[in-house]
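Here the protein sequences come in this chain order: E and Y. No gaps in the numbering here: position 266 of the first sequence is 266 in the working numbering, and each next residue is one more. No gaps in the numbering here: position 21 of the second sequence is 21 in the working numbering, and each next residue is one more.
It is worth saying that the hints were derived from the structure and are not from the lab. Note that beta-carbon positions come from the ideal geometry of N, C-alpha and C, so glycine has one too. There's no promise every hint is true.
Said to hold, decoys possible - Derived DEER-like restraints, expressed as beta-carbon distance ranges:
1. Y:2 <-> E:230: 38 to 46 Å
2. E:135 <-> Y:171: 37 to 45 Å
3. E:153 <-> Y:13: 16 to 24 Å
4. Y:20 <-> E:95: 34 to 42 Å
5. Y:13 <-> E:239: 49 to 57 Å
6. Y:183 <-> E:78: 37 to 45 Å
7. E:88 <-> Y:242: 24 to 32 Å
8. Y:187 <-> E:148: 52 to 60 Å
9. E:140 <-> Y:242: 35 to 43 Å
10. E:93 <-> Y:2: 20 to 28 Å
11. Y:103 <-> E:95: 22 to 30 Å
12. Y:13 <-> E:93: 26 to 34 Å
13. E:88 <-> Y:32: 55 to 63 Å
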Amino acid sequence: MYDTDSRNTQALARRTGAAPGRDSTTAIEVHGLSKRYGATVAVADLSFTASYGRIVGFLGPNGAGKTTTLRALLGLIRPTAGTATIDGLPYAQLADPVSIAGAMLDGGALHPGRSGRSHLRVLARAAGVPDSRAETLLSLVGLDAAAGRRAGDYSLGMRQRLGLAAALIGDPRVLVLDEPANGLDPQGIRWLRHLLRSLAAEGRAVLVSSHVLAEVTQTVDDVVVISSGRSVLQAPLEQVLAEHAAGTRVTGPDTGALGDLLRAEGAHVVGEGRGVISVRDRSEEHILRVVADRQLIVSEVSAAGSSLEEIYLQLTGNPDGGTP
Amino acid sequence: MNALIRAEARKLQTTRTFWAITLGTLALVAVAVTAASVASRFTPGDHPALQVFALAGLAQTFAFILGVLAVTSEFRHGTITTALLITPRRTPLLTAKLITLTASGLGLGLLAFGETAAIVLPVLAARHIASQTDGATVAGIIAGGAIAAALAAALGVGIGAVVRSQTGAIITALGLLYILEPVLSILPGTGDAVQRFGLGGLTSGISGTSGFPSSAHLLQPVPAALTLGAYALAVLTAGMMLFLRRDIAA
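So that you can see chain E by itself, here it is in the shape it has in the complex:
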């Protein structure tokens, strides 16, 4: 897709001799980041990293501080405390920022009177890349046909695609995307997944924020979950799913009694009855056997599914799934 493989290899080779103390695969490092607006704390002592070749999902409810963090990372806002670096340096201090990092914030803000093509060509000039790069990117994001239209007439999804193209203008090794799936239809979300996967496969680091879990669970390698400006979790997705495996969910009038019986035999049971319990370390068959032996009444026994969504809602303390 891009002629970047050799460049990435070289870049990675160069980084091997990089500053001591920093992992040579670290693309993004946020350390102790805090941002206060008057009395409001937007981000509090947040730390996480993102590595080359991996997609990091930056997750949290609306208002959790995701956008503030990304803006601080990109030098747009000044942190109250802490540091945020890309490839070892604050973004504004990078010698050639566009080839190191590309970003999309605000759904790729644009002037409504300028066409998609002109928008990219303006950025191409500022980035010092040829105009042909704009055409390459327009076709990569599927906007060739609409490229000449005023961007003010674009749908939200088209704006997101244009924003992605803008983020890629300098062929960067690090991509920072704030809610890139907003406004995309299901085909668009699938397209985005494939694009992000192929970018990561080329050795790039991708940091992608979202408040909608379904958009990212099939895409990310690692997750960083924040809530109220604080980090509540950072780990590879597989590890998170394994550690938070929820076991078997049982509902019905006798779940209280069932829970007591299973606990008595040493099972790990979550929930105090009241119609629903979750059993970690017993098979469905075993649970049903206890139910049958004791002639208990239950209405449903099912695998609770260790979905990231449930873990996320648990971690962000927002079990109804609503956003504040």
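Since the structure of chain E is provided, determine the placement of chain Y on it from the hints.
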């Protein structure tokens, strides 16, 4: 810096606003200058050409607005974020904008005062009215008009960077030009000083026209240009400091 200036030039060229303001200004000036040249009854002692040239001062007002819009539209549409993601160093970004807009103002002034010369001199000659100018004076007026428009655009960039809000900046600019200055300039205590050191008086002084409305209290071109340049520098310095300090939060 070259690439950034080329990017800023492309930003201007790819919006309708820039062309509407540029072409609209030239059309308005042409109409006003033609009407004044053809129909005005000049009395002896007037400087007919200088009075007509004052109408081309409209170019300075619109150069000022171009400068304001170039900065504030970036904040209004959030494209300041996009721009800073490509060019995270803010000083070169605003400097490139300043250079581009100053050059645009210069061009707009040159065209407006040039077309004025091309209209007023032949018409006055055809009407057998002495223009009371010579080639060197006309060249000075055109150069001065262009420099005044360039400085006005630079001042606009500075005000845009300080105020950021498009509506706020435009209201500030027009309120200053068309309400505050005219009112102060007719008050007995402040009138002469405002006619001399106000934006309207300074741009007229730089171009060496009679002023619009005509004033007998104008500075000579060089001191007038230095004064307007000092205004622009002061506002731009404030604008740059604020731009460097402020969070770009949306």
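Hint by hint, here is what the structure shows:
no., hint, verdict
1, Y:2 <-> E:230: 38 to 46 Å, "holds (45 Å)"
2, E:135 <-> Y:171: 37 to 45 Å, "holds (41 Å)"
3, E:153 <-> Y:13: 16 to 24 Å, "holds (20 Å)"
4, Y:20 <-> E:95: 34 to 42 Å, "holds (39 Å)"
5, Y:13 <-> E:239: 49 to 57 Å, "holds (52 Å)"
6, Y:183 <-> E:78: 37 to 45 Å, "holds (41 Å)"
7, E:88 <-> Y:242: 24 to 32 Å, "holds (30 Å)"
8, Y:187 <-> E:148: 52 to 60 Å, "holds (54 Å)"
9, E:140 <-> Y:242: 35 to 43 Å, "holds (38 Å)"
10, E:93 <-> Y:2: 20 to 28 Å, "holds (22 Å)"
11, Y:103 <-> E:95: 22 to 30 Å, "holds (28 Å)"
12, Y:13 <-> E:93: 26 to 34 Å, "holds (32 Å)"
13, E:88 <-> Y:32: 55 to 63 Å, "holds (60 Å)"
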